[in-house]
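**Student:** Residue numbers (the working numbering), protein chains in the order written: chain A, 1 to 200; chain B, 1 to 200.
Keep in mind the hints are simulated off the structure, nothing from the lab.
Careful, some of the hints might be misleading.
[Said to hold, decoys possible] Each computed DSSO-like pair below joins lysine-lysine, with the alpha-carbon atoms no more than 30 Å apart:
1. B/Lys17 with A/Lys53
2. A/Lys53 with B/Lys25
3. B/Lys17 with B/Lys53
4. B/Lys25 with B/Lys53
5. A/Lys17 with B/Lys25
6. A/Lys25 with B/Lys53
7. B/Lys17 with A/Lys17
8. B/Lys53 with A/Lys17
9. A/Lys25 with B/Lys17
10. B/Lys25 with A/Lys25
11. B/Lys53 with A/Lys53
12. A/Lys25 with A/Lys53
There are 2 protein chains.
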Amino acid sequence: MALGLTPSMERLVEELKRFPGVGEKTALRFAFFVLRSDHAFAANLAHALLGVKEQSRFCSGCFGLTEQDPCPICCDPRRRSDEICVVEEAADMMAFERAQEYRGRYHVLGGALAPLDGVGPDDLRCNELVARAKEGDVREIIVATNPSAEGEATAHYLARLLKPLGVRVTRIARGLPMGGDLEYADIVTLAQSLEGRREM
Amino acid sequence: MALGLTPSMERLVEELKRFPGVGEKTALRFAFFVLRSDHAFAANLAHALLGVKEQSRFCSGCFGLTEQDPCPICCDPRRRSDEICVVEEAADMMAFERAQEYRGRYHVLGGALAPLDGVGPDDLRCNELVARAKEGDVREIIVATNPSAEGEATAHYLARLLKPLGVRVTRIARGLPMGGDLEYADIVTLAQSLEGRREM
Chain A
1 MALGLTPSME RLVEELKRFP GVGEKTALRF AFFVLRSDHA FAANLAHALL
51 GVKEQSRFCS GCFGLTEQDP CPICCDPRRR SDEICVVEEA ADMMAFERAQ
101 EYRGRYHVLG GALAPLDGVG PDDLRCNELV ARAKEGDVRE IIVATNPSAE
151 GEATAHYLAR LLKPLGVRVT RIARGLPMGG DLEYADIVTL AQSLEGRREM
Chain B
1 MALGLTPSME RLVEELKRFP GVGEKTALRF AFFVLRSDHA FAANLAHALL
51 GVKEQSRFCS GCFGLTEQDP CPICCDPRRR SDEICVVEEA ADMMAFERAQ
101 EYRGRYHVLG GALAPLDGVG PDDLRCNELV ARAKEGDVRE IIVATNPSAE
151 GEATAHYLAR LLKPLGVRVT RIARGLPMGG DLEYADIVTL AQSLEGRREM
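Next comes chain A alone, as it looks inside the complex (with noise of 0.2 Å):
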């Protein structure tokens, strides 16, 4: 890169474009912008990413973002132990504890099956989840990997896998979101909206 910025400028250009979805343009006006900010805007960024990775893990039982291992869901004895619901990221996990619907316990895979990109079985935490299902109470797992290729995929692939344990495996439903417009709703989604229907 031969941008005409000072070295540290360039230096953390070069940073903030290993962020995801940023390119050089945008690593650019971040950094002008650390550089306009007062100090104290840098100091907090530099304390806060510290401190991510110093404190911040995932937890042994669900993989679920913590700071505490096991995490507070996994040693709730209120949450109900005999369900389990599979995402594919932390992020998902706190989406649903958003909305404060679900009252059992999570397992994150870390990803979705994705063979083109190498992605494989193996690079999930499958195998913890059959574990996890073999013992203790677990009466039915719901799968809540995302409505894309790969999620549905590693949905299959997850109902095939832990069907045999005598668990029952359900997905989570697919339909027309909350405040969504049928005129402009994608066919599958539509198909899926019919498909799904339900007696009123």
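Position chain B relative to chain A; hints supplied.
**Tutor:** Chain B alone, transformed into the frame defined by chain A:
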């Protein structure tokens, strides 16, 4: 914010949200990227952030970005001292330097006039420009503010301010950009490309 994150992740998301154009979703994506990355990334980025604040500053001559004051361009005896190219931001100055066409000095205004946003002449480095135009051997001031409403207004303001000092004030050319498509050009650019036509 109650995203259900760990305290250290919440802090990082809050800091990242201060970057221009970064909302909660992008900040979350960045924070999880930090969490998944190795420790070196967080450490290097933290180091780069502090490095910029410690080492990069604005030149007291042209207000461009530099690690030494005055900056290498202001100090370079081979650069013409009778021409000043006025730009809005230090990044614009770097863009000209990349083009390797201009051999004079620069002046970074620090923005453009935007009365609706409360940015008046006193918020820009206009007085400093007048002082530079008065002293020494400045013969031409090239106004290279952006071809936007604010940039044009700033250019007209500067012309009115500088011409009485007996200095030549010019504006960079407007027209169709290289590689542009006439069919898709906006009407203002097309009108300017006709108005500014030159003998072949």
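**Student:** Against the earlier hints, flag every one the structure doesn't satisfy and list their numbers going up.
**Tutor:** When the structure is compared with the hints, none of them turns out to be violated.
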